[in-house]
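*Asks:* These are the residues of each chain, in order.
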Amino acid sequence: MVAMTQDRVCIGADEVQLVTFYCGDVLLGLRIEQVQEINRQTTVTPVPEASDFVSGAINLRGELATVIDLNKVLGLARPSITKKTRNVMVTQEKELIGLLVDSVSDIITVPVTDLVESPANVIGIDARFFQKVYVTPDNIVVLLELDEVIQQNE
Amino acid sequence: MSFDDPEIVQEFVEESLHQLSDVENQLLQIEEQGADIDVELVNTVFRAVHSVKGTAGFLGLEKIQSLAHALETVMNLIRNCEIVPTGDVVGTLLTASDELRELIINVETSNEVDVQRRVDELLGIVVDKTVLWDDPTPTSAAENSDATTEDELADTVAQLASDLEHATELSANQECAVSNEPPSKQDGSVPATEKPSDDRQDVGAGTTASPSSTAPAVASTTVNPSTASASSVNSNSKTDSEKSNSTNKPISRVAQETSIRVPVSTLDQLMNLAGELVLRRNSLIQLTSKRSDSELDSVTAGIDQVTSSLQEAIMQTRMQPINNVFSRFPRVVRDLCVKLGKQCDVEINGKGVEVDKTILEAIVDPLMHIVRNAVDHGIDPIDERAAAGKTRPPVVEISAYHQAGRVCIDVIDNGRGIDPTKIKEKAVVKGVLSGDEADQMSDRDAIRLVFHPGFSTAEQVTDVSGRGVGMDVVRNNIERLGGTVDIESEVGEGTSIRIVLPLTLAIIPSLIVMSAGRRFAIPQINILELVRISPYDQGKRIGKVKNSQVLRLRGELLPLVRLSDALEQPSDPDELDSAAKPTSIVVVETGVCQFGVIVDELRDSEEIVVKPLGQHMKECRSLDGATILGDGQIAWILNVAGLAEKCRMKLAQEEASKLAESVSKRRIDDVRQRIVVFSNNANDRLAVPMDVVVRIDRIRREDVETVGNQSYVRNDEGTLPILELSNAIACNAFEWQSRINVVVFEIGGREVGLLANTIHDITKLPETIDEMTFCQDGVIGSIVENGTPVRLLDIYRITRILEPTWFESRRATQNSRKTILVVEDSDFFRRQVCKTLRQESFTVVEARDGQEAWDLIRSQAHEFSLVITDVEMPNLNGLELCRLIKQSDEFDRLPVIMLTSLGSDKSIQLGVEVGVDEYHVKMNQDQLLSGVRRLLAKSSEQNTESFESHQLVEV
Chain E
317 MVAMTQDRVC IGADEVQLVT FYCGDVLLGL RIEQVQEINR QTTVTPVPEA
367 SDFVSGAINL RGELATVIDL NKVLGLARPS ITKKTRNVMV TQEKELIGLL
417 VDSVSDIITV PVTDLVESPA NVIGIDARFF QKVYVTPDNI VVLLELDEVI
467 QQNE
Chain U
180 MSFDDPEIVQ EFVEESLHQL SDVENQLLQI EEQGADIDVE LVNTVFRAVH
230 SVKGTAGFLG LEKIQSLAHA LETVMNLIRN CEIVPTGDVV GTLLTASDEL
280 RELIINVETS NEVDVQRRVD ELLGIVVDKT VLWDDPTPTS AAENSDATTE
330 DELADTVAQL ASDLEHATEL SANQECAVSN EPPSKQDGSV PATEKPSDDR
380 QDVGAGTTAS PSSTAPAVAS TTVNPSTASA SSVNSNSKTD SEKSNSTNKP
430 ISRVAQETSI RVPVSTLDQL MNLAGELVLR RNSLIQLTSK RSDSELDSVT
480 AGIDQVTSSL QEAIMQTRMQ PINNVFSRFP RVVRDLCVKL GKQCDVEING
530 KGVEVDKTIL EAIVDPLMHI VRNAVDHGID PIDERAAAGK TRPPVVEISA
580 YHQAGRVCID VIDNGRGIDP TKIKEKAVVK GVLSGDEADQ MSDRDAIRLV
630 FHPGFSTAEQ VTDVSGRGVG MDVVRNNIER LGGTVDIESE VGEGTSIRIV
680 LPLTLAIIPS LIVMSAGRRF AIPQINILEL VRISPYDQGK RIGKVKNSQV
730 LRLRGELLPL VRLSDALEQP SDPDELDSAA KPTSIVVVET GVCQFGVIVD
780 ELRDSEEIVV KPLGQHMKEC RSLDGATILG DGQIAWILNV AGLAEKCRMK
830 LAQEEASKLA ESVSKRRIDD VRQRIVVFSN NANDRLAVPM DVVVRIDRIR
880 REDVETVGNQ SYVRNDEGTL PILELSNAIA CNAFEWQSRI NVVVFEIGGR
930 EVGLLANTIH DITKLPETID EMTFCQDGVI GSIVENGTPV RLLDIYRITR
980 ILEPTWFESR RATQNSRKTI LVVEDSDFFR RQVCKTLRQE SFTVVEARDG
1030 QEAWDLIRSQ AHEFSLVITD VEMPNLNGLE LCRLIKQSDE FDRLPVIMLT
1080 SLGSDKSIQL GVEVGVDEYH VKMNQDQLLS GVRRLLAKSS EQNTESFESH
1130 QLVEV
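Just so you know, the protein sequences line up as chains E and U, in that order. With the first sequence counted from 1, adding 316 to any position gets you this note's numbering. With the second sequence counted from 1, adding 179 to any position gets you this note's numbering.
Bound-form chain U, shown alone (with noise of 0.2 angstroms):
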């Protein structure tokens, strides 16, 4: 089929779909209300069919006129309340609509289409209706017909001339279908003479009662609207087209004012030149940096400045709520539900979180993935969860939020979990897994397997989800997109899905990396750190394991990859010889692993418009993308799964690990604690522990001021006061740099921080611990790092020292009548709590393990109120040990702190359940104190005894 003018048809595309794409969404809301109708809800969808409607009509289309007349019609039934919207009727609407849409699309060859099938079906539902309609109620025309002006009554009578042209040769026993349904109206923008249509069941259904008496009356009427008779005839029908004329027109006057529409590829290129010009700004920033030209410098200033604003608001015309996805979940949910004999609500939240629209595109399949996988694996049938005692109805919740300039998208459901040993075995019949590797797995990882290729959970293929195309196409597609998926799951309580994506692909913020000669992006979403390593520690910290490189990173063994030889870059001439220079590491991630990328140098960080790869590189699949820099040189965006797919990173990390852990295994306590080594000076070394400290601030020289002899920093939050080292112990006195590092720790609930002139390493503290050689009040003792000796600090103590106002003076005389029993195999940890303790007055017993403490606590030779215990001790753990005091008849109220390194949440879980009091991280003090205080209070008051608990002052 051909028209005249292919715009007005494109028009009335774009414009019917605009206006059907919220009608999928009302029509559920109407479901949901029932018989409880919103007249203005019923309404919104009427008139988006109507309208559409009016304009197929005026362009001849015949058939999508005729189906938006049915479904028409039955929104007018709905609207007068004359049949209920049950879940039928509304699956009825919804296929109709969907039909309509799909019309609309290929509009061409609309007419071609036989819509008979689904018109009988809406009408099917008007004639049903009339065996229940029974109270026909036109009274109120008559009040409003005065109201009605002559234009619209004209066009209503013309249109209702033309109906009942058609209804009077209607059969006398199609009679019996007819309503007071009003004739279809017509607004101001359609001819009044509509299209005759050809099917007349639909026009039918659309008459006035007795068309035989009214007809002639009509007929004379078109010409003269105001006649009596024609206003009494129509009665409903004017009202009608009142209620729509009124509220549509304003609505759509709303929306030309303040919205244009636009071709996509206008926008494209809009931002393509967008990012040209921030290309030439950096071109011309480089340029003015070389020269002082303070009038040219503030030139260059304002051209960045509106650049940047023009780039930002660039971006946003491409940015789109992602509730343009979202909105198609509830009806995706529903259609499952009834499908699957489930029932399950959906929760959306975060409609408003905007994306870039090329984002929101690609995500939809996966999206759609993952919820109709929450819908048919994870949601649990009615009477199972009711077997199961769960009494939260079943939801999916699908919610979006901004986090560090990403989207996050989170698909939550509540229903049955994934059970992670069903996964392994699976993985094992598969041969994903060896029965070895099964067993070794942790849960969380054994879960992640569904992200492998060719993984269904679903024990039956259904043809809903469980395909074959699994959740590793998922992956994928998100990963190309530049983002992150992650699943957790709890065996009966639900799947969580949790998706990252970048809120941009066009420009993307990427650190420059030199390697032979070349520069190439690292997307920043992918880096998690950078690593330098000197010299002098290659051979220590860099190993081989079966030919590939790794790196010893925290006790952790990661591979590495030279960026250049998975390249295969041929060597730059001019690079000198590696082994006298630091090596560069960029610690990446994919989704499925972790490894390290060795470049020659690292340059800046910068936001780089990202330039889409020419046919021929394709198959280049380390590389994602190029940009332009500031002087013009390409330089290629580099894929990091791409890279380590082609390194085969995901192997060497798991044999690294595997070696990491039989390391692990023959030191069976390396669970010890890090410390951040630094130093002040040339000659001193300090060191303190890693989970004492909150974060290291870099800060310039400048940022430190003093106020009287307190030193402090100023920042976002307010000021942070400075430890100065050498009013609490022996140092030299430091020397300053232009930026200095502020190591912070959190000392009752405030932050204060120790400046670090530079940091050398986070490393595990040794065994042996020297705690005499350099015994002063302030250090714990020193150990031996490089052949140096280093000093580990009491933080606590050196707080203490120098701002003794925050703490309130102790009750001595209270705290000595409790004792306290200390169980530590470790003699320096042992002896560190005890002074802490002993400091505070407290009566101090240890013993050396746990066998050793409960025979103390049997003998009742003291009277014990607290015991504090380390985990892992020879004999008897310190879980045994609770567990015997938790369950003996005499001791189950004494309460037990467990001390435990950072990290282990697994031994945190088995002592909740074997009744452990508090948990504590070895060497913070601070809080080992007020936990003390804390459970020495609460068993006093259980005690009924007086005892005044003591907290840090607030100064």
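Here chain E stands alone, though its shape is the one from the complex (with noise of 0.2 angstroms):
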């Protein structure tokens, strides 16, 4: 992850390192700073009474981190986990939380300008999750607002 967060330097300053992923058809970016790894920690414990998008909790080298279902956040069909479920690993207010997803995809330098609003017609998303995307010739990233995923209260 260090090594990521280097290649940063290698980049322009009007340009952003998107790590992408995705929740089934969706295809979805984080800002590379904003992830701290991503592992194949798939089992997880379950959390007794907990709310239904929290997956679970693992132990990341000591750490106790919960993770949580990007798919049941979104309202996006469940799809079994698989060989290439991963999970995003996020760190907010030093708390570790791992983002469940279907699959991941590639780490994208996109011009900061490039990142646009939203069309209004995107993909059936409830639109507090993302401000931006990014348009690529064959698909578009949403652009995910770390903060709102996370901090689900309902």
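Hints may be right or wrong, so weigh each one.
Claimed, not checked - Among the chain U residues that face chain E by a calculated CB cut under 7 angstroms, a handful are:
hint	residue
1	Glu455
2	Leu707
3	Leu746
4	Lys790
5	Gly793
6	His795
7	Met796
8	Cys799
9	Ala805
10	Gly811
11	His939
FYI, nobody ran anything at the bench for these hints, they're computed from the structure. For glycine and all other residues, C-beta sits at the position ideal for the given N, C-alpha and C.
Since each chain sits alone in its own frame, please combine them into the complex, following the hints.
*Replies:* Right under this line is the structure:
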């Protein structure tokens, strides 16, 4: 992960690097500095009494990390856990949180100016979870609002 | 305000707060001593304030400096015995020191705060004092001046110069306030050029007499400090600076050598890492135990040991003396008393008891609340106390001590106490209880109602306590820490509150249990006992009350909850038909209720490292945290209070206890003896009365050693002799297992053990006891339990058979002269007691109830020396009988022994009221006999007859 952050040095001041991943058919992205690591630790310990979207907890090198099912948060259908399922680990207020995604796609570098306000017709996800999108020739990357995703208060 | 070097400022803040931390208590002590001051104590405060002033001046913190200076001025007057530290003076000093601390904490904005009022208040003391002051004594100065080093003098003089510079500007009318108070002193660390204060009064108070004449002289002597004129002018200030310098420096040097300041975050990190290490060590131990490699084993053992020590040492860094919290209370109580117009002393014990920092911080508020309550509600005003005839001065006692790996904090006052009737009334008014419930509730439980939400006992809501946030918040806070709180109170005597806390929150001993294929940890602090119920017994032991399961446990009904249901766990597919397995129940308690948790399996007891829950798990009330087990898996730590709340356990328990009450009402005589049923081989089932059992030890077979024909168990306290049952009564041989139980009794002040292979049950003695079938010496009789005959042993008789030398031969002839009346409606117990007494050659007369007994006594057909009576009997009960005896003119000297079951405190109290001489537990013959002898000896003495008392011989 350190390497990733250092890569940023090589990119231009007006560029950002995005980690992109799939939930169902939707291609999502997070800024690379928001992501601590990506792992395959998909066997979780269920949390009794927790909300539906909390898939469980994992032991990440001695730290307790909550794993959130991103599909459920975004209101997407939940495909079963496959070989491609990954945990995108992020840190929020010093707490480790894993986002369970269906697969990881790529790391892309894009000019800041290419991040645009989302068109209204986007993909059936609650608008509060994203603000900007990046349109590639053949797809659209939805840039997640991490705080909104994590601070689910039901 | 910004500073060039924030680090220096931070250092100043930390150091100053440290220096001021004790000032409060020191001031209180000074107040206590009054005119009879302890100069060293005053100096300590003086020095603290002084060094704050110095550094503040250096950093340009003007307001802090001027307030500190004013404080210092007053302290100096106290030190010189020029003013007496009365309550008012100390009050002003306390307020000022509070404000000073406040300023230091908010150092950035301190220069914008207006401190003039405080300074004026302090200087007001100084001005007042000049009226009283009539004997300035600057005489000693000249003698000391020789000793003064040039450096110190230079500082002092420079200091004086700056002060005088301002002083000369002062108007003449302020000179009346001038005293021989020394100018502010500087120690070496602070540049001699103190920032001129913008507060003239401040400086004015610190000037020496006749400023106009000395000013030029001082100005010149700053260059040459040894000039005589300067030293004569500053006589007093020199001695002062000398004192402060000489005493201050060594202290700070020592402090530097013995401790360093470390950020708490570093300690937390260390603690976490140590926790990790513990987990890794556990994994390692698990791994090594699977292979047999002795080298690896020894390395692992080494790591195990070091890890444990390391963990302990790191834990120690987090431990702080509880005095950090306790030290606030004298002040709190003092202020409260002033406010409320009461008087109250504070007694603090166990200052040195150390508690984890986290717990210490969290306990401040609850404890503060309790102490304030004690003063506000508890302590009664002096006139009220006098009216009640209380001679002890009002006191709140706060004590801390360790007990069984926990910390106990007691807050005890000797005030009014809490009236359970009032509480009940209020509970009914507030709708907490129904009238019926209130009537049935015991006083103890009624007092516990104060922990109920929205309960305040003060008649009026005061601004001191009783602001709606009540004891329920206190209880919640304490329970959140994994602790408990309980209250006891006696009207007119006072109230005592006990808080029990774990030593640390970071690592807790827990029991690991399985539920639906997952592991959970239950903190040991919550666990009362573990119960395992065989599939055979399930129908009998587990019942249903209004859809909720209950466990029959020693005559009580305990609500049950299945953990997997409570947590709504999906059922584990691997779980086999549970009906075929024994049910494991963990009996837990929270401050308010007890209940049983049904789990699938009990695992090991482990010391677990607590990991806090993430933000998404805050709503999981049944969970308290998580831990990572030796194999890297996560286990949730159960929050027993949360679980109880979720399952509405309290209600369930109340229902169950009501049911139990009605059950016991139906069978009035439910105070039957409990017996321990055990077996030593496949055939014989045996039982002993529970009340005579001291404890049951579980030991390894190897622990039993035999010397000659005497077996014994070696334990910490020495050796415990083992009774060989087969030598005393006819029974089959003991079948040895790898682990066995030892039932321990106390006979004649010594402990003896009886081996028991399997402990089957602790049950109530049935009403029908067969005394014929298994009749033999050492066996009282037999009962039928679960279709199997069980022989009830007479442990005293057996001891006597096996160890006759322990008992002295009885003087039969003398005993036979004594006639004892035994009153007991149960044939079985009466026969037992009579048999015991007859074996001792007493003459025994029997009566079936109190009336029969009373008739016998009045008839004077026998000359009774003693009456032994049961409590509950038809026609006339034991208490009434005793009352009749003790109130009569002829028989009031006849001693009465009452036989009772354990746990009936109330009847003991009633008995004391009617004049019962001694109480004994049924079937504890040993005690009964010694009681009989004691009472007979006593009455013989009274009758001036010679009577030789018989005691067990110490072998």
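*Asks:* If a hint holds in the structure, say so; if it does not, say that too.
*Replies:* Cross-check of the supplied hints:
| no. | hint | result |
| --- | --- | --- |
| 1 | Glu455 | 4 angstroms, holds |
| 2 | Leu707 | 23 angstroms, violated |
| 3 | Leu746 | 4 angstroms, holds |
| 4 | Lys790 | 4 angstroms, holds |
| 5 | Gly793 | 4 angstroms, holds |
| 6 | His795 | 5 angstroms, holds |
| 7 | Met796 | 6 angstroms, holds |
| 8 | Cys799 | 4 angstroms, holds |
| 9 | Ala805 | 5 angstroms, holds |
| 10 | Gly811 | 5 angstroms, holds |
| 11 | His939 | 36 angstroms, violated |
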